[in-house]
Amino acid sequence: MGEGVARLVKRGNVMEKVEPILKLNNVEVKYQEVILVLKGVSLEIPEGGIIALLGANGAGKSTTLKAISGLLKVEVGEVTDGSIEFQGERIHKKSAMEISKRGIIQVIEGRKVFEHLTVEENLKVGAHLRKTGSTKDGLEMVYHYFPRLKQKRNEVAGYISGGEQQMTVIGRALMAQPKLMLLDEPSMGLAPLLIKEIFDIITKLNHEEKIPILLVEQNVKLALTVAPYAYVLENGRLVMHDTSEKLKENPDIRDFYLGLSDVGERKSFRNVKHYKRRKRWLT
Amino acid sequence: MELFVMSLINGIMVGGVYALVALGWVLIYKCSGVLNLAMGELTLIGAYVTLTFYQIGVPFIMSIIITLIIGVILGILVERIFLDRLIGEPILAVLMVTVGLSFFFKGIIEFIWGVQTQAFQPPIFSLEPIEIGFIKISRVYLWSFILAIVLFLLFSAFFKYTHWGLAMQATADDETAALSVGVSARFVYAAAWAIAFMSAGVGGALLGNINGINISVGYLGLLVLPAVVLGGLNSIPGAIVGGITIGILQNLSGTYLDQYFPGGVKEVFPFAFMVVFMLFKPYGFWGWERIERM
Chain G
1 MGEGVARLVK RGNVMEKVEP ILKLNNVEVK YQEVILVLKG VSLEIPEGGI
51 IALLGANGAG KSTTLKAISG LLKVEVGEVT DGSIEFQGER IHKKSAMEIS
101 KRGIIQVIEG RKVFEHLTVE ENLKVGAHLR KTGSTKDGLE MVYHYFPRLK
151 QKRNEVAGYI SGGEQQMTVI GRALMAQPKL MLLDEPSMGL APLLIKEIFD
201 IITKLNHEEK IPILLVEQNV KLALTVAPYA YVLENGRLVM HDTSEKLKEN
251 PDIRDFYLGL SDVGERKSFR NVKHYKRRKR WLT
Chain L
1001 MELFVMSLIN GIMVGGVYAL VALGWVLIYK CSGVLNLAMG ELTLIGAYVT
1051 LTFYQIGVPF IMSIIITLII GVILGILVER IFLDRLIGEP ILAVLMVTVG
1101 LSFFFKGIIE FIWGVQTQAF QPPIFSLEPI EIGFIKISRV YLWSFILAIV
1151 LFLLFSAFFK YTHWGLAMQA TADDETAALS VGVSARFVYA AAWAIAFMSA
1201 GVGGALLGNI NGINISVGYL GLLVLPAVVL GGLNSIPGAI VGGITIGILQ
1251 NLSGTYLDQY FPGGVKEVFP FAFMVVFMLF KPYGFWGWER IERM
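For the record, the sequence lines run as chains G and L. The first sequence begins at 1 in the working numbering and counts up by one. The second sequence begins at 1001 in the working numbering and counts up by one.
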């Protein structure tokens, strides 16, 4: 694991410090004490970096995010083994409230705006945990990155377009001055142009505000261009992790997630194989 | 004609007080999805607390302010002791707890204040009505209405412009999303109960002023249910319109129907109206169209 991050630094990427801000160590998650969803996931997020977490439906991507943010407990899930460390402190037993106070803010999937509030009121609710600077400064910062939201500031969030709702929820998370942002499928159900706009802003946020981001995405191609390093989950297990460059070259990733055959043509999903992993008798 | 206008105006005045009680109902429902069936008893407690302070010589307005403060304390206590542990439980269980609370409060009230009808002595407002042309408005009604509207505006401003008001609305919309930006649902519920206790309590004090206080003021609190349903269970402006509509219906039915159906047509008519109304608009005027399973 440490090796991966080290390589990242050598490649001259945007990471400045090698010390990971978040560390998942062999995390196991059970829902309702019986359903085992994560079977030992380990990953690291370096200070100021973007890390992508990839995988098919039901692989456990969202669960990983919820385990980190503590929202898992709302759904009667629990980290039953392993540990999650944020800035050197173990947080996996803490409540969602305590974790968000420490600066880990999750943007839940599905554009969960407060639909009866206006865009600006939505953002103001996000300022709940702000420690420094006024709400007004925060709004200015959000409007700087999302000029569209400034135009729509007085509209009721339930009635704006999907892309604007996605911007609203990301902006709302920004208002909380996150030390780590967990983004769950920001591209879901959006038009390609909008997706590009949103991902450009995400990249910009990471560069300019130095906010580390853990990005969960189904759109693998996109995720691999935004994030320099990625982890791949399958059935609750980490099956590989590498720099995005290497992953793009990996035949299995090309095969399964990018839908490309060796010659670079699209091929039918019927012929695609799951990532082959060694049989482990003890797990 | 004169009679009609008088009933109408009195209806609007009482309706203002109903709206205040309805606000408490709407708030708890909006934030936590719970229909608080102990609302009637909250009004009753407010009425008695105000009365007690008034009787020991505290001025009426001060008694109301003390009632507000005690309302906050009781609201938070009730939420912490009884409802906090029910977060995430089926809604029916929570509903049953509020029914239990209603009996519990009623018992305590009878234990402390007895069952005799008590009145504010000396009367707070002079019995001399205000006359505008041919219309006579009793002072109690007028002042209750004004006080109710003032409080209502204060609460509405709280929701619109303060941070905590916004946070409460956010939790009502999406609890998990609110939690993800650090708004604690537990705190919001406690705040909702505190405000509900405040508005219902003052509403009770005002209603008690009109008719004297006994257990039946609690039923007046329950009479607000049609008002809430009419306006939509989670709409604050709906509470005003619903409250005033019910006030008017009650007075008009009292004036015109009582001779045909003697005995409590005044109390029944709003409920009958609610049933018919809900056939056509099941979510009320401004309620959110969301399927609720009870």
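By construction, these hints were calculated from the structure, which means they are not laboratory data. This structure is a prediction, so every number in the text was calculated from the model and none was measured. One should not assume that every hint holds.
Said to hold, decoys possible - Covered stretches of chain L, going by a simulated chain G footprint (3 or more residues, C-beta under 8 Å): (1) 1039 to 1047; (2) 1117 to 1126.
Claimed, not checked - From the structure, some residues in chain G lie toward chain L, with a derived Cβ separation under 8 Å: (3) Leu117; (4) His128; (5) Gly236; (6) Met240.
Just so you know, even glycine gets a beta-carbon here, dropped at the ideal spot from N, CA and C.
Right, here's what the structure says about each hint:
no., hint, verdict
1, 1039 to 1047, "violated (count 0)"
2, 1117 to 1126, "violated (count 0)"
3, Leu117, "holds, 6 Å"
4, His128, "holds, 5 Å"
5, Gly236, "violated, 22 Å"
6, Met240, "violated, 29 Å"
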